[in-house]
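Engineer: Okay, here's what each chain looks like letter by letter:
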Amino acid sequence: MASDQATTPPPPPPPEIQSHDLPKVIVLHPPPVFNYFKDLFSKKFHLLKAWESPLPRHEFLTNHAHSVQAMLCSGTGPPISADILRLLPSLRLVVTTSAGLNHIDLTECRNRGISIANAGEVFSEDVADLAVGLLIDVFRKISASDRYVRHGLWATKGDYPLGSKLGGKRIGIVGLGSIGFQVAKRLEAFGCNISYNSRKRKDFVSYPFYTNVCELAANSDVLIICCGLTEQTRHMINREVLLALGKEGVIVNIGRGAIIHEKELVQCLVQGEIGGAGLDVFENEPDVPKELFELDNVVLAPHMAVFTTESFKDLCDLMIGNLEAFFSKKPLLSLVMNE
Amino acid sequence: MESIGVLMPIPMNSYLEQELQKRYNLFKLWTAPQKPQFIKEHADSIRAVVGNASAGADAELIEALPRLEIVSSFSVGVDKIDLAKCREKGIRVTNTPDVLTEDVADLAIGLILAVLRRLCESDRYVRSGKWKKGDYKLTTKFSGKTVGIIGLGRIGMAVAKRAEAFNCPICYYTRTEKSDMKYKYYPSVVELASNCQILVVACPLTEETRHIVNREVMNALGPKGVLINIGRGPHVDEPELVSALIEGRLGGAGLDVYEHEPEVPEELFGLENVVLLPHVGSATVETRKDMADLVLGNLEAHFSNKPLLTPLV
Chain A
1 MASDQATTPP PPPPPEIQSH DLPKVIVLHP PPVFNYFKDL FSKKFHLLKA WESPLPRHEF
61 LTNHAHSVQA MLCSGTGPPI SADILRLLPS LRLVVTTSAG LNHIDLTECR NRGISIANAG
121 EVFSEDVADL AVGLLIDVFR KISASDRYVR HGLWATKGDY PLGSKLGGKR IGIVGLGSIG
181 FQVAKRLEAF GCNISYNSRK RKDFVSYPFY TNVCELAANS DVLIICCGLT EQTRHMINRE
241 VLLALGKEGV IVNIGRGAII HEKELVQCLV QGEIGGAGLD VFENEPDVPK ELFELDNVVL
301 APHMAVFTTE SFKDLCDLMI GNLEAFFSKK PLLSLVMNE
Chain B
1 MESIGVLMPI PMNSYLEQEL QKRYNLFKLW TAPQKPQFIK EHADSIRAVV GNASAGADAE
61 LIEALPRLEI VSSFSVGVDK IDLAKCREKG IRVTNTPDVL TEDVADLAIG LILAVLRRLC
121 ESDRYVRSGK WKKGDYKLTT KFSGKTVGII GLGRIGMAVA KRAEAFNCPI CYYTRTEKSD
181 MKYKYYPSVV ELASNCQILV VACPLTEETR HIVNREVMNA LGPKGVLINI GRGPHVDEPE
241 LVSALIEGRL GGAGLDVYEH EPEVPEELFG LENVVLLPHV GSATVETRKD MADLVLGNLE
301 AHFSNKPLLT PLV
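Chains as they are written, first to last, in UniProt numbering: chain A, 1 to 339; chain B, 1 to 313.
Hints may be right or wrong, so weigh each one.
What the hints assert, rightly or not - Below, computed lysine-lysine pairings styled on DSS-like, alpha-carbon distance capped at 30 Å: (1) A:K290 with B:K137; (2) B:K133 with B:K224; (3) B:K137 with A:K157; (4) B:K35 with A:K290; (5) B:K28 with A:K157; (6) B:K137 with A:K38; (7) B:K130 with A:K313; (8) B:K28 with B:K40; (9) A:K263 with B:K130; (10) B:K132 with A:K263; (11) B:K224 with A:K313; (12) B:K130 with B:K28; (13) B:K22 with A:K157; (14) B:K132 with A:K38; (15) A:K313 with B:K133; (16) A:K185 with B:K85; (17) A:K202 with B:K141; (18) A:K169 with B:K182; (19) B:K133 with A:K38; (20) A:K313 with B:K161; (21) B:K184 with A:K185; (22) B:K141 with B:K182; (23) A:K43 with B:K137; (24) B:K35 with B:K85.
What the hints assert, rightly or not - The following residues of chain B were derived to be distant from chain A, with all beta-carbon distances above 10 Å: (25) K80; (26) G90; (27) T139; (28) S188; (29) E216; (30) R249; (31) P278; (32) F303.
By construction, these hints were calculated from the structure, which means they are not laboratory data. Ideal Cβ placement from N, Cα and C applies to all residues, glycine included.
Only chain A is shown next, with the shape it has when bound in the complex (with noise of 0.2 Å):
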């Protein structure tokens, strides 16, 4: 009986199983990484994974996460509205596994001093590289082609109608920031003249500069979109602007789907107002307009710019970096600045 009180303390449990001492990050819906890579972060931080709760969301948020201070999210997934936030009171942090911001509310974020910390530059290049894929693409017709040949047609119905060429042709970048630059670099090496729309002009580069999409169409043969979705970007890329892109224009699309007015996009296509398009993104994602099915000069793809294993490594990398360097009160490494 004396034994009992003699007893040596338990050992302490295993450290996975002491998640509570973790910092605390909240995440509404699973971002694209955790299918990968979701064990590196759940080592670090005590996930609350709001998705997984059978509690709907804003009574999840208001049990659960009133003290969290930080919140993973990703451009899947709600948007973080000023009504999710002001479920969050403590909230100081949100990071994005993504380069766009579209589905934040920037605004109540500036207003309750909330920091926004993105994937900054880690896949622009993947980005770039995709945008010059699918442009060599259309014009080459490398995916029709493909088709062609494992029909078995090149033995039965001959060659494949000829392409385009790259080199000299005029491309129109619209939004000249990291992924834009890195396309423009890209191109230069095959012999393309290289032009931009901007919200401004940047002096680093002597590429010339248009202020108007509009105009930079009509002295286009391809417009790149490379820039971000914002009130003033919405619909920007409309029936007018590809009328003036031409005939024998091209457009693709690496930004979101929404820049372009999907609708006028597909009319323009179908009735041959432009040459060819290749779209990584689309309005209503996954949903594709069926029309674009029938064409042999859209190149289509399921908005994979940045699902590369290299990629996601590094967005996980920095994405955890981010979380350590806010929870041990250093700078973030990449933090959205106000422009």
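Given chain A, put chain B in place with the hints provided.
Structural biologist: Below, chain B alone, put in the same frame as chain A:
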């Protein structure tokens, strides 16, 4: 003045045919029910042959055309022309260098991106409705990967220049090391393949370079390596390529050329790490016109006793 006979073995470009018809007496061999007879019938007047990557002038044809003076190829590769025989008989040979360099190099990069980033596969993914069920998987980054080039001529250099814009380190193999070259040289194709992630074939097809990419090279390139062939089909041992891809010993391939065009090994049709193009390296409206003009220009120069524009022999 007698009309100059020009023989074209297969159709290749309607603009070229039209222009040849305007200036010469064009004999379209593919329209003849009996080819040897057709050749015999017109041999007396045929002084030029216009060939391309698929059909040129072999020893048999050259022997059958005693009045042949010039073979003007609508291509840069002349592996379908018996150059030795032409030299022996004093027959001039021209090709179409430079005008197609950019297009071929552009296509090499396009193939690299299509294979690594699965452009064709994911276009299929969207069109088949699969995107509604879930995201496509992760693919592989191109920027920064080491690119190895077999042959550093015009096309090889143009591929290197483009790959450099993607921050790719460049290495190469040629018969002899080039002086003053900033890219790393490897004295054998196997060593090159062991030290790069993307291998591009960009050399001419000769006796020495036939099957230059063989089983050993493909194994050295490895399960994460990608082969891009924008040269000639016979540069690559095709049956070995098929088994290397099916067995996973080679990571992927982007092919514009094959050993027996237009036949393409059907075993490749089901593979998602392969992109198959129907020999379109120079197939743009702009370049084919430039190539045709070069053929016409060479013929015109020859028949007016002026220096040839782009002679090989």
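Engineer: Tell me, in ascending order, the numbers of any earlier hints that this structure violates.
Structural biologist: 3, 4, 12, 16, 27 and 31
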